[in-house]
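With the hints as a guide, bring both chains together as one complex.
Quick note, the sequences are listed as chains A and B, same order. Position 273, counted from 1, in the first sequence is what the working numbering calls 273; the numbers after and before it change by one each time, with no gaps. Just remember that the working numbering sits 1000 ahead of the position in the second sequence, which is counted from 1.
A couple of the hints might just be wrong.
Stated by the list, open to error - So the derived label-pair ranges between C-beta atoms look like this:
(1) A/Q55 <-> B/A1113: 54 to 64 Å
(2) A/W162 <-> B/L1320: 15 to 25 Å
(3) B/F1054 <-> A/F96: 44 to 54 Å
(4) B/D1299 <-> A/I206: 22 to 32 Å
(5) A/V334 <-> B/D1178: 19 to 29 Å
(6) A/P165 <-> B/Q1307: 14 to 24 Å
(7) A/F4 <-> B/L1320: 46 to 56 Å
(8) B/I1260 <-> A/M136: 22 to 32 Å
(9) A/L160 <-> B/L1119: 20 to 30 Å
In short, the hints are calculated from the structure, not lab data. Because the structure is a prediction, the values reported are computed rather than measured. We put the beta carbon where it would ideally sit given N, CA and C, even for glycine.
Chain by chain, the residues run as shown.
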Amino acid sequence: MLVFIARRLLLLPVVFIGVTLAIVLLMQLLTPYQRAAAFVQSEQQIRQIDSIIEQYGLTDPWYQQYYRWMNQVLQGNMGFSRTTNEPVLTTLRNRFPATLELAILAIIPVIGIGIWLGTAAALNRDKLVDQVTRVMSIVGWSLPTFVLGIWLLVIFYGGLGWFQPGRISTQFLVEIAGRSGFQHYTRMLSLDALLNGRFDIFVDAIKHLILPVVTLAVVQSAQIMRVMRSSLLDALSRDYVRTARSKGLPERVVSHKHARRNALIPVVTLAGFTLVGLINGVVITETIFNFPGLGQWAAASAINLDYAAVMGFALFTALMVVLANLLVDVLYGVIDPRIRYE
Amino acid sequence: MADATYQGVSEAGEPVGPEVRGWRDSKALKRFRRNPLAIVGFLVVLLFVLTAVFAPVITDVGRNCLRDLGLSAATQSDYKNPTKAVFWRTMFAPPESCFTIPRVGFSNVPRDAETSETLLGTTSGGYDIFYGLIWGTRTAFKIGLIVVGISLVVGLVIGSLSGYIGGVFDNVLMRFTDIVISLPSLVVAMVVVMVLGNSIANIMFAIAVVAWPSYARLMRGEVLRVKEEDYVTSARALGRRSLGVIFRHVLPNAIGPLIIVASLDIGSIVLTAAALSFLGLGADVGYADWGQMISFARDWILGPPGQPLAYWYVSFWPGLIIVMFVLGWNLLGDAFRDVLDPKSA
Chain A
1 MLVFIARRLL LLPVVFIGVT LAIVLLMQLL TPYQRAAAFV QSEQQIRQID
51 SIIEQYGLTD PWYQQYYRWM NQVLQGNMGF SRTTNEPVLT TLRNRFPATL
101 ELAILAIIPV IGIGIWLGTA AALNRDKLVD QVTRVMSIVG WSLPTFVLGI
151 WLLVIFYGGL GWFQPGRIST QFLVEIAGRS GFQHYTRMLS LDALLNGRFD
201 IFVDAIKHLI LPVVTLAVVQ SAQIMRVMRS SLLDALSRDY VRTARSKGLP
251 ERVVSHKHAR RNALIPVVTL AGFTLVGLIN GVVITETIFN FPGLGQWAAA
301 SAINLDYAAV MGFALFTALM VVLANLLVDV LYGVIDPRIR YE
Chain B
1001 MADATYQGVS EAGEPVGPEV RGWRDSKALK RFRRNPLAIV GFLVVLLFVL
1051 TAVFAPVITD VGRNCLRDLG LSAATQSDYK NPTKAVFWRT MFAPPESCFT
1101 IPRVGFSNVP RDAETSETLL GTTSGGYDIF YGLIWGTRTA FKIGLIVVGI
1151 SLVVGLVIGS LSGYIGGVFD NVLMRFTDIV ISLPSLVVAM VVVMVLGNSI
1201 ANIMFAIAVV AWPSYARLMR GEVLRVKEED YVTSARALGR RSLGVIFRHV
1251 LPNAIGPLII VASLDIGSIV LTAAALSFLG LGADVGYADW GQMISFARDW
1301 ILGPPGQPLA YWYVSFWPGL IIVMFVLGWN LLGDAFRDVL DPKSA
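The shape of chain B in the complex, shown without the other chains (with noise of 0.2 Å):
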């Protein structure tokens, strides 16, 4: 059947698109299917995404959060309403104050889900670290796609034109990617941290400054790849001017594995921020945000004498959310560059 599709009939007899060939039954997809690994690394990740779109349904915010909604006690629950406007607001642009762990009590000592009536205990100061976690998965993927996004369009820009003009522009600006790429990207996101100021903004600018050459070099060799090709040989020959086929032929045909990269780069670009803002270079005490959360757990080593595990689920329980979450990429993206090496069919 595939070379049915191939040739640009699908199996009922339709006629199909290049761009529809049959990819449900793409030897490609199969196996992916086939890789138990990583559908086990897709299920975390869709549990995860489902996490941090559910956050609200799944938490109880807190009174800032409720009040910057314009809920009163007697509406408080509307939010967990789908018929309600405020559900849906909740759910897709929720204000900045629901991002602020409610405080369950002040204690500054942590306390376990039994004395603090809370799913995993509180942290010092009285923060939930349930809701931490759970809103700090929108936190998490609000960071990777942000940079993502930001350092694709970047390395998108530099790569084409790099690869497109070529010469000495060209090696000036791979150098540069070269000297970029060989640093230590926490060292150099913490400086940029450092000088901008503490903030989750300033984190995702910095990651961006170090995650763009990657994708300005793969971008510079697909669009070396597709120069090449005869549709980009007559686009020019018929006159176009270079800025036009790059936008028109080069860049539709280049961007795709680049997208697939990039976005298998959302793991990594989460355990960058968490471990800045571990390291206090991040958002206000406070900020659902699983770096700062594991953060807690620093002064909570040692437990009262005779009970020296007391606190260990200030450690834990932000620690395997964030094992997990890197785990999930982690699979799916083996399994991704697996499928897409031709050599290891």
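With the rest of the complex left out, here is chain A (with noise of 0.2 Å):
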């Protein structure tokens, strides 16, 4: 298992330069003067951008300038963002445990809810709970992320008042980032509020997170649920289910223990495409709840032609993107015991 798991980080570096590579040579479409923007790293250096232009060479063949951008980048040095006003490298650093957050309270109702339904539609097929379940994760499957969270936002923010947009209330904004002793110990402030014994900051974090992760969470369970119970109904008809039944298993056991086992290999899959999609839906869905995380800040970087900071988030996506799959390989071989690494 190490060495499969070594062996797939020495993939790391291939999809690394994939990525930048590809980005590199979109670049080659800028003027050098908008490309100039990446190697900024204050807000005195864009005063002098020419003597950067030639600095760097941005009129060199866009080999050369790969072969400098990476050393830059390997260096740490990922440029200035205009968006934000400081390195690429500190935003990221800054926004990540945000978006992380999210991700994380969203990926527990998608998974959870997704299984455990799916399984009930499937256990029950053709019954209520199916015929409800399935109506429910076409509907649901079929809400895009900015309609659902525009319309959240107008019910529950604009209509009934109950949540706001953003990550935290102003009074503790303040409080927060001033001197009054808050430990930020993860930099996820749900977190951070009950490690710090503050449970009136926790509990207003959390209330701004509900939003944002019902309306990641719905489209991605709905899929988890479809497919969850497609693939359950097949493991149901195999013949090793047959068999765990005619030795006179209780059903229960036959149903959680044979078939579910079964049956999560193809939801394994998936849900390795909804940690992808998940990126997808963070940049639409913090943009629409002003929630400071990376896809907020993706999204108005890309408005702004901030183009370092739409260069450093690609990157950091694409490492992503790498672990995520990574991670699904693992999963393989912890559910399904036929796949052994060597």
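Here it is in structure tokens:
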């Protein structure tokens, strides 16, 4: 297993080179002025853009530029983001925990509800539970993130006033940013609030997370539900299930242990896509809910033509995708004993 | 009867070619017709197609569009008259200005149906929501069909070359498609649009960039399957050149499933395009485009004090149309997958 993981991690540089190469080639479509932004580290440097173009040789052939840019990136200099007014790496570091918090909270209902309802539907095929679940999943599957997000915001913020956009209420924002002794252990607000023993901040943070989490979770869990249902139905019709039943095993053991474990394999495949889908969803959801994470930054940067920021985000995304795929492959091995990584 | 048609004779006793062997009473179509959800999906999509085609009949076009159609005040309703040439022109080749949403007043606050005297109300800037949604259907199909077309051709060429030539060439191409498929499509498309500039054309190109690999993969699989068929082997034995064999024998036999899969992708393609334009990477303000219509709603979540839901129509109608569209395609796609999957018999 360890050898397998190590070998898969070796793939990382390949994807890394592929993605960076694609970015640099795409960037050749821009003027040298636009490209220079990727090398600027501070506001002062923006004023000396001509010397930067010369210094970094932005009119050189692309392969020389690629080599130099990679050197910079590997040294940890990913340029300056005009959108956040700080180095790209700093923004990545500051905003990642917010997005991670959102993603973790979204993936729990996605996997949990998806598998639970999918199982319930398959075990009660064509009964009421099944019918309701199927209608729910097809409607949920058809609710685009940006439509659902806007609708939730109109109803629960505009109409009912229960939740607000943003990450935290203003009153706490000042307190957290100031020197009140609030410690940022993980930079995930809800967790930090608990670690600081501040229950009021915790409740506030969770209240801000509910709508974005629901927005992210609905589409994805609908898909998992569908796949879980059909793959469990498939598994239940297999010979080994009949064998298990004829051995006289209780139905619950048959369905939950024999069938479900096998039915989970396609779900794990889909879960890999779900992780990638979450990255797409995060860009839209954070923009709608004004949630200061990586996705909101990426969308704002794309509109501001903040090339350094978008390149940084693209690199980061590529890294996440490779890790997500690795996780899925490892999970295969855990679920399916026929798969052994040697 | 199925047996008789299978042997090349129709019910009436006439010989039929292999391509028409009784598709009307084929099992697949029967199963499709018996699935009520599939019928609903089909009807919804059909409704959208009709809306797109008859957009000029349903809505009153704006002044710029009339001017570009060469219509004066006296002849300004000619584009709704099927006996006039301008009717057919508006129907099939309208000038770009017809896609610009006419403005009903220039109020920077949305106005509801009653005050603005439009069917569904106006957004900020006085853009007619109804017009935007109806002509937006045209934009949606335009995007869907063009993107599917481009990515199909690219996927077809790369997939068939990869499958037919095989070896290292195949390996490199397929690893490349693996990487593109695994990247989040919206993020890739976002980067491409940002670099090329905001426009519908660039959105279409950007989505094609992320859409082709799955077709290439499918095509490759089909080619690998067809490659082993006897008629291909004999064509090669007769000394045909590779390219000739691909075009003459492999492509026609492999293309069918690919076209079905690709056309069912129209729903998700339109969705990605709408998402990009929602984020502000789409056409200019005022172009009839669903993503932009709903992005107007972002500024009007809160109503004026005392009427929290005053601007509901700005987000409700565009959202509803997008959801219906996606739902229609999803139902249709679902039914097709069921029908084409031999296991679900």
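Evaluation of the provided hints:
1. Separation of A/Q55 from B/A1113 is about 59 Å and conforms to the stated range, judged on CB atoms against 54 to 64 Å.
2. Look at A/W162 against B/L1320: about 23 Å separates their beta carbons, and that is inside 15 to 25 Å.
3. Under the hint 44 to 54 Å, the C-beta atoms of B/F1054 and A/F96, about 49 Å apart, fit the expected range.
4. Distance hint for B/D1299 and A/I206: a CB-CB separation of about 27 Å, consistent with the stated range 22 to 32 Å.
5. The supplied range of 19 to 29 Å is met by A/V334 and B/D1178, whose beta-carbon atoms lie about 23 Å from each other.
6. Restraint check, A/P165 to B/Q1307: a C-beta distance of roughly 20 Å satisfies the suggested window 14 to 24 Å.
7. One distance hint, 46 to 56 Å for the beta-carbon pair A/F4 and B/L1320, holds here, with the actual separation near 48 Å.
8. Remark: the range hint 22 to 32 Å for B/I1260 to A/M136 is upheld by a beta-carbon distance near 27 Å.
9. Roughly 28 Å separates the CB atoms of A/L160 and B/L1119, a value that falls within the hinted 20 to 30 Å.
Of the numbered hints stated above, none is contradicted by the structure.
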